[in-house]
Every structure is written in structure tokens, then in C-alpha cells.
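Undergrad: Each chain is listed here by its residues.
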Amino acid sequence: MSAFFMTIALLSACIRPSDDYEVRLYDASTELDQILPPGDPMGGQIEYFRFALNGSNLGLGQAAFFGDTPYQDGLSFVIGYADFGYPRSPDYDRQSNFLVPGPRDIGLEDACVTRIDASGYPGTTEYVDVGDHIALTAADGDVIRLERDPSSHPRPAGESFFASWGGTLAPALTDHAYLADTWRPDSVWGLSFPGTVVPPESSMGSVPYPLTAATVRFPSGIAGLEIDGEPVRPPHHDYDDDGVYTGERDEVRFAGPFERQMTLTWEPSTTSDPLTVSLRYLGAAAQGVCAVDADCDIGVSCVEGECIPDDGDGSVVLGELVCTVVDDGVFSLSPDDLEFLDAAVREDQRAGAVLWVARMSEGTVEIPDAMSYVGGRIPISPVRTRVTDVVVTRLDLP
Amino acid sequence: MNARIVTQILMFGLVGCLERPYEPYFEDAADGPVLTGVTFTEGGGFLGGGTAEIQGGRLHTTRTVVVGGRNAKILETDFERVVIELPSHGQTGEALDLVVVTDFGFARMSDAIAYRSHLGDYAADEKVSVAIGRLECPIEGYGYTGDALEPILWCGGEFGYADAIAFSGNGIHPGYATDILEIAPLGGAPPVGDVRFFGPNDRRPPSPPLILGPHALGDAVTLTTARDFDRDVRLIEDRLALVQQYYYWSFAIDPDSVRQVAAFFDADGVQVGQSRITGADGDTLTLAQAPPPETTGVWTGYRFAEVYDGDPELYETEAWVGTASVTPSGSSVVGAGAGAWLEYDDFSGFFFPVGVAGLFGQSEVVRRPYEIATVRAGVTTVHGTVEGPRPVLDLLDPDLLSGREVLRTDSTVEIHWIPDQATDDPSIVVAELKIYDQDVRDPNYQTELFRVVATATDADGRVRFPASVLAQLPARVENRFDANYDFTGLWGDITVARHQLRKVRLADDSGDVVVDFIQAVNAPVGLLR
Numbered sequence: 001m002s003a004f005f006m007t008i009a010l011l012s013a014c015i016r017p018s019d020d021y022e023v024r025l026y027d028a029s030t031e032l033d034q035i036l037p038p039g040d041p042m043g044g045q046i047e048y049f050r051f052a053l054n055g056s057n058l059g060l061g062q063a064a065f066f067g068d069t070p071y072q073d074g075l076s077f078v079i080g081y082a083d084f085g086y087p088r089s090p091d092y093d094r095q096s097n098f099l100v101p102g103p104r105d106i107g108l109e110d111a112c113v114t115r116i117d118a119s120g121y122p123g124t125t126e127y128v129d130v131g132d133h134i135a136l137t138a139a140d141g142d143v144i145r146l147e148r149d150p151s152s153h154p155r156p157a158g159e160s161f162f163a164s165w166g167g168t169l170a171p172a173l174t175d176h177a178y179l180a181d182t183w184r185p186d187s188v189w190g191l192s193f194p195g196t197v198v199p200p201e202s203s204m205g206s207v208p209y210p211l212t213a214a215t216v217r218f219p220s221g222i223a224g225l226e227i228d229g230e231p232v233r234p235p236h237h238d239y240d241d242d243g244v245y246t247g248e249r250d251e252v253r254f255a256g257p258f259e260r261q262m263t264l265t266w267e268p269s270t271t272s273d274p275l276t277v278s279l280r281y282l283g284a285a286a287q288g289v290c291a292v293d294a295d296c297d298i299g300v301s302c303v304e305g306e307c308i309p310d311d312g313d314g315s316v317v318l319g320e321l322v323c324t325v326v327d328d329g330v331f332s333l334s335p336d337d338l339e340f341l342d343a344a345v346r347e348d349q350r351a352g353a354v355l356w357v358a359r360m361s362e363g364t365v366e367i368p369d370a371m372s373y374v375g376g377r378i379p380i381s382p383v384r385t386r387v388t389d390v391v392v393t394r395l396d397l398p
Numbered sequence: 001m002n003a004r005i006v007t008q009i010l011m012f013g014l015v016g017c018l019e020r021p022y023e024p025y026f027e028d029a030a031d032g033p034v035l036t037g038v039t040f041t042e043g044g045g046f047l048g049g050g051t052a053e054i055q056g057g058r059l060h061t062t063r064t065v066v067v068g069g070r071n072a073k074i075l076e077t078d079f080e081r082v083v084i085e086l087p088s089h090g091q092t093g094e095a096l097d098l099v100v101v102t103d104f105g106f107a108r109m110s111d112a113i114a115y116r117s118h119l120g121d122y123a124a125d126e127k128v129s130v131a132i133g134r135l136e137c138p139i140e141g142y143g144y145t146g147d148a149l150e151p152i153l154w155c156g157g158e159f160g161y162a163d164a165i166a167f168s169g170n171g172i173h174p175g176y177a178t179d180i181l182e183i184a185p186l187g188g189a190p191p192v193g194d195v196r197f198f199g200p201n202d203r204r205p206p207s208p209p210l211i212l213g214p215h216a217l218g219d220a221v222t223l224t225t226a227r228d229f230d231r232d233v234r235l236i237e238d239r240l241a242l243v244q245q246y247y248y249w250s251f252a253i254d255p256d257s258v259r260q261v262a263a264f265f266d267a268d269g270v271q272v273g274q275s276r277i278t279g280a281d282g283d284t285l286t287l288a289q290a291p292p293p294e295t296t297g298v299w300t301g302y303r304f305a306e307v308y309d310g311d312p313e314l315y316e317t318e319a320w321v322g323t324a325s326v327t328p329s330g331s332s333v334v335g336a337g338a339g340a341w342l343e344y345d346d347f348s349g350f351f352f353p354v355g356v357a358g359l360f361g362q363s364e365v366v367r368r369p370y371e372i373a374t375v376r377a378g379v380t381t382v383h384g385t386v387e388g389p390r391p392v393l394d395l396l397d398p399d400l401l402s403g404r405e406v407l408r409t410d411s412t413v414e415i416h417w418i419p420d421q422a423t424d425d426p427s428i429v430v431a432e433l434k435i436y437d438q439d440v441r442d443p444n445y446q447t448e449l450f451r452v453v454a455t456a457t458d459a460d461g462r463v464r465f466p467a468s469v470l471a472q473l474p475a476r477v478e479n480r481f482d483a484n485y486d487f488t489g490l491w492g493d494i495t496v497a498r499h500q501l502r503k504v505r506l507a508d509d510s511g512d513v514v515v516d517f518i519q520a521v522n523a524p525v526g527l528l529r
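From first to last, the protein sequence lines stand for chains A and B. Here our numbering is used: position 24 in the first sequence is 24, and no number is missing along the way. Here our numbering is used: position 336 in the second sequence is 336, and no number is missing along the way.
Check each hint, because a few of them may be wrong.
[Said to hold, decoys possible] Every beta carbon over 10 angstroms from chain B, so not counted as near; a handful from chain A, in silico:
1. Ala64
2. Gly363
3. Arg377
[Stated by the list, open to error] Taking CB as the label site, the calculated pair distances span:
4. A:Thr212 with B:Pro21: 22 to 32 angstroms
5. B:Gly378 with A:Ala255: 52 to 62 angstroms
6. A:Gly243 with B:Arg408: 30 to 40 angstroms
7. A:Asp240 with B:Ala377: 55 to 65 angstroms
8. A:Arg346 with B:Ala267: 38 to 48 angstroms
9. B:Arg408 with A:Gly305: 52 to 62 angstroms
FYI, nobody ran anything at the bench for these hints, they're computed from the structure. In this text, a Cβ means the ideal position worked out from N, Cα and C, and glycines have one as well.
Could you put together the complete structure from these sequences and hints?
TA: What follows is the structure, encoded as C-alpha cells:
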């Protein structure tokens, strides 16, 4: 008899439209004020980040690429990433491919949250195509394009179920003699895509119409950033301040808040966008095989036949303390703030630590409805947008 | 519970699945557009730029036009027609679908627009894509330090390198063999006889979509031919002749120091010795010193010393141009076949050459018949034989191997070579002129500003960059180093590549193996107007 009722109960699941269902995932904290509300259901995410690797032994692993070496200390670069799907998912609001925001709506008080695993994928059923590129267009006509991957749908398209936009690196450029800006602080850019219809065999949805009237705002830069009075600056290994070759390392490292308070100072912006500060513990990952240290890059040691980064791998984040910080020019972290993070990440697994200081401009855009691959109309607005300037620097674990 | 009741329950329950969770996107399909025909001019082939006129009805509210998944620029619309600019597209062998979206619906026309391929239908059934080739470069590249033009860049006494790669996808990838090695790819080239200019902010050509094939570690694509150490030694002599011709410091080479040498490697890729080469005969290489018994592979090349102020120890150069898997035999080694053993890499989904101790020698690319086989789950299948290429592009001018060419951009630049149409297979030459800004710190190494690409058939023997196109480039590209000998400012770079195509049918008749034998020259060039 119980089988009968169970069958009825299961079959009744068919009698409903697919949509989002709220499941609260609590953060790794027991403090009530550190439990974040669920994200809002959204149908996509468009992110654009500028990274400045202002510290020692920092690589592209920071930007979600696999592996850090060879290190790119001092490099500034941009990367965007976008994808869309239905039904709408809170993950698009809450998650990020690069930096998951800290607590929102903080008012006049800084707030932090500890996360042990901030990775994940949006819980959508079908992904959605919006055209062969997404464009950010400045008022003066400069265009940043996030190209779709794949460039077109493979035919036969039975395996065409996913597309994303961006995911490629580009230099951070402002006022280049020939090239369009790829980064312009404190500016508003148009956001557009051309719309598309996917091949009939594809199992993706699509937005048939262009998006034309949306905008995103680039945040102010992070100016004058210092840690305990020392500037967070790009290292210039091998060269002195005048650009003359010296062959010497120019270490940019900070002690961090592991044993005593660490204070950040910066120049508040005119827009007063809060800062997002993330302290991350990094794990180790092999970056190749070796016989001796000389087989590995600088800052990487040969350990039992494998090149292991001395300071951890930027793509292996074991846990982070993320704070949303009022843009008042000063913020401090103390060892007590790391209590939950230290409790959650085993000390013998911590291979390194980095500090991200970001100014994030979040928004949402309304886009035309998506069309499912069987022709249904599915609203997927709003779509999360996130334009972020990040300075990454190195902290020395005790 | 009997079966009838269960059936009724299931039927009742499944009624729920009939409910459509979403309303139709377009309320009445009868209001949507109608497509009756299309006429088009190809323009730039896969680079796009041609125009198409789409005929039909109710087209006046057209909002989106898609050609093969790529968005077209809408130029004109009225009730009965839409005019578009054709978008760029990755190489494909199929006619592309056309989709028009209006305010009231959309319509699709299948197989509506066919871009003309450089290869015609030659690669229409390309299932396994292989590229193997040699890229030559000057031993030294010149640039300015202050007012002095100096040989600072070091490409090496090998005057280039060989490379190979393969892709075996789940489907057909027409033309992909000519893109995969990314040396002046056909997918980024205009139709034969045309030139395409890309400015700093122009979109670059897209890559084709790929679906990885189901492969496992140990799977391989192989191209094998007979080992001929005589030929390998001639390759060494050929490179040494280039040293005498082009090396700035060749006057200082001690003639007595010049040696043809072989380096021995064991199965782990560890070098276990070296010896002077004393003779070569077919698959046998004779050496002054017997190779260690653990030798499984050799590099072949040369060594010389330069003498300055009577000191022969100061500069010694080694260059390795050949590789071979071998078995020791007294004071000789006996070589296995030449060619490429391309092994599956499960991280990337591509097949890469195994080589000897990490080196894939230039000696593996020869004008001999190659037997093409695949290895899958330990089973080797031979598919057929193709004729090998002429190993190098015989470039007549400009003299790119000098490393110090300056092109006058106020007149048409012509590039000449000796044609090599050994078979009836397609043979196409692509010339790419690029200008980089070396002052940008770029996560992708170099920041490209301009690109000019021209295409010709091999038989043409020449390709042109017209002065009218070159006029869009900066007037002066000097190729300059800063005080630390780092690149600075604008740098010019040119690649001329011949794509010699070959193909065999897969033994299971599911498609073709298409091989692009590439011979290319790449060098820095200055520009002056």
C-alpha cells in the first residue's frame, strides 16, 4: 500500500512547471549575523574583472585558471565570463567565477563571512544562448567583446548544450594609442548582445532578440592601497625603480593578520562603493615533474619529483574570509577574525595565503525572455552583472 | 494490487506530464516571417564581409539574423526582403542554416548559404585532422639599440623547428587540419588572390567548434616513413650552410671545431652520451664512439666553436635538427622509421608528438611516402599512404632568414617562392604580416595591433600585400630594444606558410584523415614608408 502512495506522490511531481525552489545553504558559521540570506533567482551572470597581481609569486591561478606558474607578478589583466540558463537560479546571484561577494546591505558597518567551499555551478536545467558575443560599449565607441565559446554550434548539434562568453585573458588597457580601453574606472558602458536561435538539434535555449538598452558601471579604482603603512604595489623583479637590470627579486609580501592585527588603508572613492576583502588560504598542487629545484620555476621547489609552489597555488582555495568593507579608507583584521577559517582549514594543508582587495560594482539587467528548445517562453531576468577591480597581494603564513 | 490498477494510476499520474510549463514564445506562427530564397555574394569567404539578400514575407520587423550560428549585421529591411552582411565563421564544409527573427516569430532556411572553402570539397569528410610541419626562422633576428642595428634575437642554429599535432573529434571538421597548428591558418585567411586587413580593434576570425572524440591514453595517430640517416646528415649540412651564409659571427667559427654529432638518450629521456657522426647509410648511423647499450634514441646535429682573441672555449654552439628512435649496434645505431608518433593527451583532447627526449626533430618531415595509421585501445589500423611534402618553403624574396629585412610599405610588397605542386592535392600559401606593441605587458605574450593576410595558390609562386592596404599600417616600425635588450615599441613580424594537403580514407570508411604538411618561414621585419 505504501508503494501505491509513493507512486502517486512521485507522479504528482510532473504536475508543475519547472522553477526555482528555495533551499537555504548556510555558511560555515554558527553566528547568526554571518548567515547570508539566499540569493535572488536569476537567469544568468555577466562578470568582468580587472586583476592586478601586486605581490610575489602570484599567477593566473588567481583568475580561475589551472596552475599559477610561471608567475605573473606585477601583471594587470582583464577577463570576463558570462553564461545564462533556466529556470532562474539563486547561484547566478550569489556565486562568481572569480570572487563571491561578501555580505550585502552592510549599512555603515563592515561585515565578514567565512567560506570553506565557495565553488559551484548554477543549478539550471538548460543553458541559454544569447548570440555570438556580448559587447560592452563605452560612450566614445570603445568596445569590449566577450566572444562566445563555441563560436558556432557544432553540427550535428546533439552535443550542443552549453555556451559561455569570455573566458580569455586580455591586457588591462586605458588610453592606448591604438587599442580600445579594456578598463576604464568610474564609467558607464552599454551592455548588449545580438540574440540568436539555436539549431533545432541543440538542447539549449536561446534569447531570440537583441539586448540593447542595458548598462554596467565600472567601479572606481583602488587607489593608495597600503597594508600596515606599506604600499601594495606591483613588484619589479630583476629591475630597479629606474628600470635598470639588477637581477634581484623585489619581494612584495605582508605579514597578514595571523599573529597581530593587519590594517588596510586606501583612498575612499567618490562613489563610495564598498570594498570586498578576501583572505584566502591556498593549498598545494603539483605544477610539473622535476629532478631538482632548478627544473621548476622561481618560487617553486622540487618535492619528491614534483614542482610544488612554495606559496601555494592560487587556483586551490581551501577557504576564505570575505568581508564587505565600508569605503571609509581603513579596515583592520585581527587573528580573532580568522577563528572560523583556522578551525575549518587544517594547518598542515595551508601552503600559502593571499589577500584580495576588490571594488565591485554589482547590478542586474532585464533581458528579453528566453525561448526553450521546444519553443516555450521563459523569463530569465534579471541577470546579474558584476564589474570588479581586484588587487591581489601575497601574505606570508607564519 | 493488480496490474490494471497500477496501469490506471500510472496513466493518471502521467497526465501531469502533459502540462506545458511554459507558454509558446510566439502566439501565432502564422504571423511570423516567411523565407522563400536567398542570394549572396561571398566576399571574404569564411572571414565574412559579403552580402546576402533574403527574400520572403513579413520581414519588415526583422530583429535578428543568424547564419550558421553567427550573427549577421542587418543592413536593410522591408516587407519582402532583408539585406545582411555575412558574418565570419570557422571553417566548415556544410551549407549553413539561415534564421530570421521578427517581432512576431522566426523562420529557418536550412542549408541556405555555403561559404566557399579554400579547399573546395577536398576536406568535406575530414574526421581526423593532422598538421605536421617545419617552421624556419633566422638564426638571429635584428633590432635597433639606439642607432645600431644589432643581432639580438636568437632563434638558434637549428634555423627553426618541427612540430605536429592531431585531433580526432566526434564528427567532421572540414579544414581544421589547416588551423590546428596555428601557423598562418587557412581559417584566418581570405580567399585565394585576396588580402584582408585587420585593424587593432577589428574582430579576429573565429575558430571552428569542436567536439572531442572518445579516446583514451595510449591512443595515437602515426605517420611513418623509412629512416634515412643520409638524408638526416644532409639536413645537418644544409643548416651548417645557412650558418655560414647568415650567422653574423660566422667569420669567427673555427673550421676545425665543426662537428656533426649525435646525442644518446635512454628510455627515460636522460642523455647518456654524445659522439661525432662518422657516417650514414640508410637506417644506420655510424659514430666515433659506441653508444651506451641503454640508448633508445638520438638527436643529430652539429657543434662549432667561435674563436675570439685566440680563445676557442668562449662560445660554443650546439644545434639539434634530427631525432630518431634507435637500437645500438656496435659503433652504430640502427634507426626505426621516421615520422610522427602523435599520442593522445587526455587533458587537452589533442594528440601531440612523442619525439625523443621531448624533441620532435626537423628530420621527421621529409619528402617520402608516409604510412598513416591510428592506434585505438592497443589496436593499430593502417589507413593508407600519402606523399610527404617538400620539407621547406623555398622562399626567394624577401630574404627572411637574414633576420633583418625591412619592407617598404609605400609600394606593393611581393613575396616569391619556388612552387612545389608535387601532387594534385591542394597546396595554398598564406602570408601574414603582423605588428605588435611590445610595450604592453600582455598575459598572452604579445599584443597584436595590425594583421594583413594574403592568400595564393602554391602554383602562383607569389603573393602580394598591395600598397593601398599597407598604407593603413604605421609609417615606421623599427623593431627596437631598450637598454636592457627587452622589446620595446612596435615590432613587425611576417609568416609565410605553405599548406600542402594530403588525405586518406579511414579504414572503416567513416571519414578521411586529412594531413596538412606545413612549410613556413617566420621572421621579424621592419616597415618603412
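Undergrad: May I ask you to test the hint 22 to 32 angstroms on the CB atoms belonging to Thr212 of chain A and Pro21 of chain B?
TA: holds, 29 angstroms
Undergrad: Far enough from chain B: is every CB of that chain over 10 angstroms from the CB of Gly363 of chain A?
TA: holds, 24 angstroms
Undergrad: For Ala64 of chain A, is the shortest CB-to-CB distance to chain B above 10 angstroms, so the non-interface label stands?
TA: At roughly 13 angstroms from the nearest Cβ of chain B, Ala64 of chain A sits farther out than 10 angstroms, so the non-interface label holds.
Undergrad: Lying within 52 to 62 angstroms: is that true of the beta-carbon distance Arg408 of chain B to Gly305 of chain A?
TA: holds, 55 angstroms
Undergrad: Okay, Asp240 of chain A versus Ala377 of chain B on CB: inside 55 to 65 angstroms?
TA: holds, 58 angstroms
Undergrad: Does the Cβ-Cβ separation between Gly378 of chain B and Ala255 of chain A fall within 52 to 62 angstroms?
TA: holds, 56 angstroms
Undergrad: Could one say that the CB atoms of Arg346 of chain A and Ala267 of chain B fall in the range 38 to 48 angstroms?
TA: The hint (38 to 48 angstroms, Cβ to Cβ) holds, given that Arg346 of chain A and Ala267 of chain B are roughly 40 angstroms apart.
Undergrad: Measuring from beta carbon to beta carbon, are Gly243 of chain A and Arg408 of chain B in 30 to 40 angstroms?
TA: holds, 33 angstroms
Undergrad: Arg377 of chain A clear of chain B by more than 10 angstroms, beta carbon to beta carbon?
TA: violated, 4 angstroms
When held up to the earlier numbered hints, the structure conflicts with hint 3 and nothing else.
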